[in-house]
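Peer 1: Protein chains in written order, with numbering that gives the first Met the number 0: chain V, 0 to 131; chain D, 0 to 135.
Just so you know, the hints here were simulated from the structure itself, not pulled from any lab data. For every residue, glycine included, the Cβ atom is placed at its ideal position computed from N, Cα and C. Be careful, since some hints might not be right.
Covered stretches of chain D, going by a simulated chain V footprint (3 or more residues, C-beta under 8 Å) [claimed, not checked]: (1) 30-38; (2) 88-99.
Listed below are several chain V residues computed to face chain D (Cβ distance under 7 Å; list not exhaustive) [stated by the list, open to error]: (3) Val-33; (4) Ile-47; (5) Ile-50; (6) Gln-62; (7) Val-116.
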Amino acid sequence: MSEIAPKHFRTPLARVRGRGAARSGTHEFWVQRVTSVAGIPLTAAALIIVIMLLGRNQAAVAQILGAPLVAVIMLLFIVCIVTHMKIGMQEILVDYVPDESMKLTLLLANTFFCWIVGLICAYAILKLSFGV
Amino acid sequence: MAETKAPAARPLSPHLQVYRLTLTMVMSGFHRISGLGLYFGALLLAWWLMAAASGPNGYARFEWFAGSLVGRLVLFGFTWALIHHTLGGIRHLIWDTGRGFGPQQREWLAAATIIGSIVLTVVVWVIGYLAMGGSR
Numbered sequence: 000m001s002e003i004a005p006k007h008f009r010t011p012l013a014r015v016r017g018r019g020a021a022r023s024g025t026h027e028f029w030v031q032r033v034t035s036v037a038g039i040p041l042t043a044a045a046l047i048i049v050i051m052l053l054g055r056n057q058a059a060v061a062q063i064l065g066a067p068l069v070a071v072i073m074l075l076f077i078v079c080i081v082t083h084m085k086i087g088m089q090e091i092l093v094d095y096v097p098d099e100s101m102k103l104t105l106l107l108a109n110t111f112f113c114w115i116v117g118l119i120c121a122y123a124i125l126k127l128s129f130g131v
Numbered sequence: 000m001a002e003t004k005a006p007a008a009r010p011l012s013p014h015l016q017v018y019r020l021t022l023t024m025v026m027s028g029f030h031r032i033s034g035l036g037l038y039f040g041a042l043l044l045a046w047w048l049m050a051a052a053s054g055p056n057g058y059a060r061f062e063w064f065a066g067s068l069v070g071r072l073v074l075f076g077f078t079w080a081l082i083h084h085t086l087g088g089i090r091h092l093i094w095d096t097g098r099g100f101g102p103q104q105r106e107w108l109a110a111a112t113i114i115g116s117i118v119l120t121v122v123v124w125v126i127g128y129l130a131m132g133g134s135r
């Protein structure tokens, strides 16, 4: 620990001026890879669950979706896709929206959209699972 | 006073239109567009889950939409986008390992993605209709 302790306490000028790498440049790239790897089996599982539920009435659908294994798989699927969606849309926005204030507005809307959709899905599954 | 001059007409860097259209280019676009579609398609997932959690009446409303012609078309498109984006994602993961960039390999991967996604979508829908006991 002691050998990597800073020798001085001056803040690097690049950081003070807001320039230089934020040291988190590859974080979203990596998260997008993690969620795409996880998304392969989860998408297959979600498709199978949906096919299982086709043509059933609400009571049966509610019962199956609330079953522990199905509910956990669906929750994992939702967390995975919502995270992936947020980064993906962010990438599209920074690519195609040149206007700074419009870009920030849309980035904000993207964050809100993903959280809202994700929480609605998660709430519905938890409600079915706990039978409240 | 310095007069503002109109900026000199500089050559712009070439964009898509100067290149011959290739399958890999089209697939790149499809990947992003299918991702964009799935983004808004997630609202359907939210509606379906919320409908199931809300009770028989709410679920009947969703079923009415899903059973309509427009609903069927949207859901078919959603299924294709989901499968296409997943297969395209696998293609990108293969590329992430540094493999699959050869001239034949990338053409093969692009063709496999589009043919695979269409075939799998039809297979999923056939299984779906069989699971429902025929169309209603």
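Peer 1: Are there hints from earlier that the structure breaks, and if so, what are their numbers?
Peer 2: 3, 4, 6
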